[in-house]
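Visitor: Residue numbers (my numbering), protein chains in the order written: chain A, 51 to 394; chain B, 51 to 394; chain C, 51 to 394; chain D, 51 to 394.
There could be a bad hint or two in this list.
Where chains are identical, the list cannot tell them apart; a pair therefore holds if satisfied intra-copy or between any two copies.
Claimed, not checked - The list that follows gives simulated cross-link-like pairs (lysine-lysine, DSSO-like), each with its CA atoms no further than 30 Å apart:
1) K69 to K93
2) K369 to K222
3) K369 to K197
4) K103 to K129
5) K129 to K280
6) K219 to K93
7) K153 to K344
8) K347 to K69
9) K347 to K153
10) K214 to K371
11) K129 to K222
12) K153 to K69
13) K93 to K153
14) K344 to K374
15) K103 to K214
16) K103 to K153
17) K197 to K280
18) K219 to K129
19) K374 to K93
20) K129 to K69
21) K344 to K369
Rather than coming from a laboratory, the hints here were simulated on the basis of the structure. Here the structure is a predicted model, which means the values were calculated and not measured.
Protein chains: 4
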Amino acid sequence: MQIPIFTQNPTRPVEIGDKSVSELMDAMQYTGFQGRKLAESVKAWENMLKEEKVTIFMGLSGAMVPAGMRKTITYLIEKRLIDCLVSTGANVFHDCHEALGLKHYVGSHMANDEELFEHGVDRIYDVFAYEEEFRNTDHFIAEFAKKHDGRHYSSREFIHLLGKEISEKGDKQSIISSAYRHNVPIFIPALCDSSIGIGLTIARRMGCNVNIDQIKDVDEITRMVELSEKTGVVYVGGGVPKNFIQQTEVVASIMGHDVAGHEYAIQYTTDVPHWGGLSGCTFDEAVSWGKIAKEAKKIQVFVDATIALPIVTHALHEKTKHVKRNIPSFTWDAGVAEICFETL
Amino acid sequence: MQIPIFTQNPTRPVEIGDKSVSELMDAMQYTGFQGRKLAESVKAWENMLKEEKVTIFMGLSGAMVPAGMRKTITYLIEKRLIDCLVSTGANVFHDCHEALGLKHYVGSHMANDEELFEHGVDRIYDVFAYEEEFRNTDHFIAEFAKKHDGRHYSSREFIHLLGKEISEKGDKQSIISSAYRHNVPIFIPALCDSSIGIGLTIARRMGCNVNIDQIKDVDEITRMVELSEKTGVVYVGGGVPKNFIQQTEVVASIMGHDVAGHEYAIQYTTDVPHWGGLSGCTFDEAVSWGKIAKEAKKIQVFVDATIALPIVTHALHEKTKHVKRNIPSFTWDAGVAEICFETL
Amino acid sequence: MQIPIFTQNPTRPVEIGDKSVSELMDAMQYTGFQGRKLAESVKAWENMLKEEKVTIFMGLSGAMVPAGMRKTITYLIEKRLIDCLVSTGANVFHDCHEALGLKHYVGSHMANDEELFEHGVDRIYDVFAYEEEFRNTDHFIAEFAKKHDGRHYSSREFIHLLGKEISEKGDKQSIISSAYRHNVPIFIPALCDSSIGIGLTIARRMGCNVNIDQIKDVDEITRMVELSEKTGVVYVGGGVPKNFIQQTEVVASIMGHDVAGHEYAIQYTTDVPHWGGLSGCTFDEAVSWGKIAKEAKKIQVFVDATIALPIVTHALHEKTKHVKRNIPSFTWDAGVAEICFETL
Amino acid sequence: MQIPIFTQNPTRPVEIGDKSVSELMDAMQYTGFQGRKLAESVKAWENMLKEEKVTIFMGLSGAMVPAGMRKTITYLIEKRLIDCLVSTGANVFHDCHEALGLKHYVGSHMANDEELFEHGVDRIYDVFAYEEEFRNTDHFIAEFAKKHDGRHYSSREFIHLLGKEISEKGDKQSIISSAYRHNVPIFIPALCDSSIGIGLTIARRMGCNVNIDQIKDVDEITRMVELSEKTGVVYVGGGVPKNFIQQTEVVASIMGHDVAGHEYAIQYTTDVPHWGGLSGCTFDEAVSWGKIAKEAKKIQVFVDATIALPIVTHALHEKTKHVKRNIPSFTWDAGVAEICFETL
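Just chain A, same shape as in the assembly (with noise of 0.2 Å):
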């Protein structure tokens, strides 16, 4: 009997010594399991920079910003690991707080919540803030609509002009300043599901009209899809920011566009399938959807986010230090988008 060629590569021992995070990551694509996984996603996400013209779009869910993920984040949009970001609308709350100056404190999981109450003190894992000082960047969200009274925007759009005004106030470090300043596109799908909905709600009752159209969102986001050559996909989580972007290759589909799915494709994901939600479904249930191309490379990776992005980052960091990459750069001039590309 031929010997089948599943079993000719050995699983390697990591050796204990002096590494890189990078080297790290390239010993324990021998091993086993999620420790194994994580460093195929950092095989799969270096390839994919290096490949020519493929869109990387970004799913961003859990509060990844108080959890101390921001700068990591805004350097992934500044050196164009990723070309489009899709979000929960708290990250980029969390991140305006920050820019506005504000603070997230290192809490403990084991607080006691009523007295945390009674001092004002939000609680999201280990990690505390001031309600107070929330609500202060819920006003400064509602100030800012109030000056687009009467408009209709895309989230993308409206982020983007959020992204300019925190730019113009001087900050560099943000995640929708910096995405404002290397035109890479956030979609918040659902927006008014954060207290960036609970800004434009207080400006709402004060009789303001900004619109957000989350039908716009869709048609925008799928037209980037469809002038992309090819796409990969990295999702933080899953959530709304997942399903948004899988569905892009169904609607392109209806809309009779020959897509044939991402082609590459990983989550960090601390879900599971049996469950039986879109957010820790198989990459292979999404193949039958023709969301994920069948030849796709698929790397699911089972472990907390605040875990993965550091580690993944740092050593993309290390391997994509001389890698040009051909970006591709979407503008939109009232609802019709075109692609170009430019070298980084």
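Could you slot chains B, C and D onto chain A? The hints should help.
Guide: Frame of chain A, contents of chains B, C and D only:
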């Protein structure tokens, strides 16, 4: 030393015998772990139904309709075990799909996804559907949207009209037609992040300008909370529906209303607190934010909703047959909401 | 194109109404996700009971007795829904504890553990016990062991004698006295990793030389498999009990027996496959090892056992009242086992 | 109102740049969620190594050796980052397997298990092995056991002798030969629940009467705790190894020793508290039992060990190069243990 009060009540091993579903739940109240929590959730829900003037909000996430939970949700609406539903778009899309006579199928989570794709079959864990039939429903939504060209709706208004349409087609079993007939509002905060959004985008690209106003959603549901004497929440999963209901307390508080947090809180979840996300966070964490009252009865059950929903609803069916509930009824007139109570 | 066979069977939304527990389980067979799996596990277990000459092994881990599952396990033994139990030591220790009239208590998972420690209260998630009462049971085990000084037993033999002792004290409800009376062998492969081990160590330090021979355990349970025509397994959790039963197929095969893997396989688990452990691995993975027959009916349900056990057992109670099962009965004589079948 | 002390320390977004593994871990201490916990575990372990006269026990479960963690464990033993190892039998079996020159292979978690079975390939999630090669190692164990016919050992003694045998064959990299050479005791409380048990059972059926005395295991490890001034624990996963080390505090206390619980406690786990099991329970729960000191530094990290172990060990490698640790050394003479300290 005084014997502390927490050790007076022995666990009681469940006796196996002839028991109805609700009797079994009663027996499980004296066990431990999630079996006890499931039983406690039945008790808490029953108590909430017996209390005067509580408005009950349900958050619904996960592919519950494909997984056979459609008539369970319809039952909760018709018998008014809930007063307001906040859902993902997918569940309402799938509800429409079945209302149109199309089906979801008993499949297998072990199927070959490339083969399914070739046969035009979409997989949702162990449930199958035909992509072509889904597209039929997408186009139904698009055609429906085109009838409302130029209109501007909250998702509640849009789903209300869609429920009317489905109801007039003669359907009596769907979630949205039941909600229409029983005046139970349904909000879908991230409406376009679903196949309903796909339908709306098809319509948009054909030039239809129906607009879904997500700020209006926040405004409307917050008014419901502001008008209610007490509120209770039941979350099936987490995601946007949970956060959207939770944040009403914050919005109402900022608006100067004297709200104290939801007073009953039940969640069926498969997420966990330690990833720091809102979906899995404890109700205690929510106390720090003022979203849940510190005195609230708080039951979080770690279980797949496809197990919990049928069992809990059957138990409540037995327990509440003869309960005359005082139900809140909401009417909207030009954005101004009113509440009245009637006995069911 | 031929419609593939996997899409002929629509999901059937569960209708809420008057249903017994087993009728509810029957209805849930046509849903999806873990609700369906729970229902399928009832069906598979029922089928296993109706088949001729199947020996059913149950693996039991987790603190099931403190959590109120004691009489459920006793029922499974008395009604012979299982033929052999492999357990953690803790469950049998806690069973003795309750047989001695001592209790576990309904507690809270939010208790202050430092305070509990000061009051001598041990916490098992939301169940409490008195440390002093546990030590009473430790000493009962030590005294029992001392009566067997110089003897050399498999864990099965030791627990059989302990069950006899408890039975002779008049107890009729405990797991081990029922197992003794109904000739159902109980193995505890890691006996000393539990408070029974604590009791045995107390005895040892007092000079008692009772010896628990774990190699004999492997030998004896493997002989049961070798003598059985067919075998089925039901795992409550994973851990040592699951692996210990799984590995019997490998041992029997090495010994030259023509075994083909267990032919029914049910697991209730909260673990998942992707951490690479035996507790959470799929039964498909077990097929690669020859531990599970490739044709076996394999149902893995992701659910807390304190939810699954009472529900499944009540459903089986209704379904098997009139089933006359052909039960295997094992006898040992000087290490040589024999099997005979009798109708219950 | 006084600003409460818990909000003085802002989270610090990780800056991406050139960092060593330990510098990255240091930076992650000021983030949130499990990323912070991972960093805190490095800090706690480092502190434990710097403290005088702490005996460090490691519990090791999961298929860590097939997953490429073998040399990591060997490193921990050789550099004396641990003083005692409690393991599943599987890890030591797989360690022998590799010591004999046999391999585990990089496989796929998506493989067809029926096909693997036909090719004699065993799957451990995404790692493969040849069944025939495993049987070779089973027989090696059986032959080794036969050399010790009539002897009576604790698992520590048996593994010590096995390590000596492997060491004398020239192996320098295996866990057990390193442990032998560096006098680090290894306990395997459920030795026969593994392929080592299979080997022992083969020997037994050939008439060999080597005996593994599990009561002696409890006695010996408890003596180590009784002799130690302080103890710390590091758990990789849960299972028997965690419980076995935890219960030493209870046994020692019953024996009249003035123990106060382990004083450092680190766990890398993928289990969770709410299923009520010992594997996933918090260290706070363990405080109620007196197993962990209430003042102990307690860090539980929810992460796959194949991610945590290489990263944490590399960080410790960088941090402890110049640390002279005061290591405890244990000797046994006829069941009486002694401790002395030496500087590494």
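Visitor: So, for every hint listed, does it hold in this structure?
Guide: Here is how each hint holds up against the structure:
1. K69 to K93: Close inside one copy (17 Å) and across copies (19 Å); limit 30 Å.
2. K369 to K222: within (24 Å within a copy, 34 Å between copies)
3. K369 to K197: Answer is neither; intra-copy 44 Å and inter-copy 53 Å both fail.
4. K103 to K129: within (16 Å within a copy, 48 Å between copies)
5. K129 to K280: within (20 Å within a copy, 49 Å between copies)
6. K219 to K93: neither (38 Å within a copy, 38 Å between copies)
7. K153 to K344: Answer is between; shortest inter-copy Cα gap is 26 Å, intra-copy 44 Å.
8. K347 to K69: both (27 Å within a copy, 29 Å between copies)
9. K347 to K153: between (39 Å within a copy, 27 Å between copies)
10. K214 to K371: within (28 Å within a copy, 48 Å between copies)
11. K129 to K222: within (14 Å within a copy, 45 Å between copies)
12. K153 to K69: Classified as between: cross-chain Cα gap 25 Å, same-chain 34 Å, threshold 30 Å.
13. K93 to K153: Between copies only: 24 Å across, 34 Å inside.
14. K344 to K374: Close inside one copy (28 Å), not across copies (51 Å); limit 30 Å.
15. K103 to K214: within (27 Å within a copy, 47 Å between copies)
16. K103 to K153: neither (38 Å within a copy, 40 Å between copies)
17. K197 to K280: neither (38 Å within a copy, 36 Å between copies)
18. K219 to K129: For K219 and K129, only the intra-copy Cα distance (22 Å) is at most 30 Å; the inter-copy one is 53 Å.
19. K374 to K93: Within one copy, since 17 Å is at most 30 Å while 38 Å is not.
20. K129 to K69: Classified as both; 24 Å inside a copy, 17 Å across copies.
21. K344 to K369: Close inside one copy (27 Å), not across copies (45 Å); limit 30 Å.
Hint check: violations occur at hints 3, 6, 16, 17; the rest are consistent with the structure.
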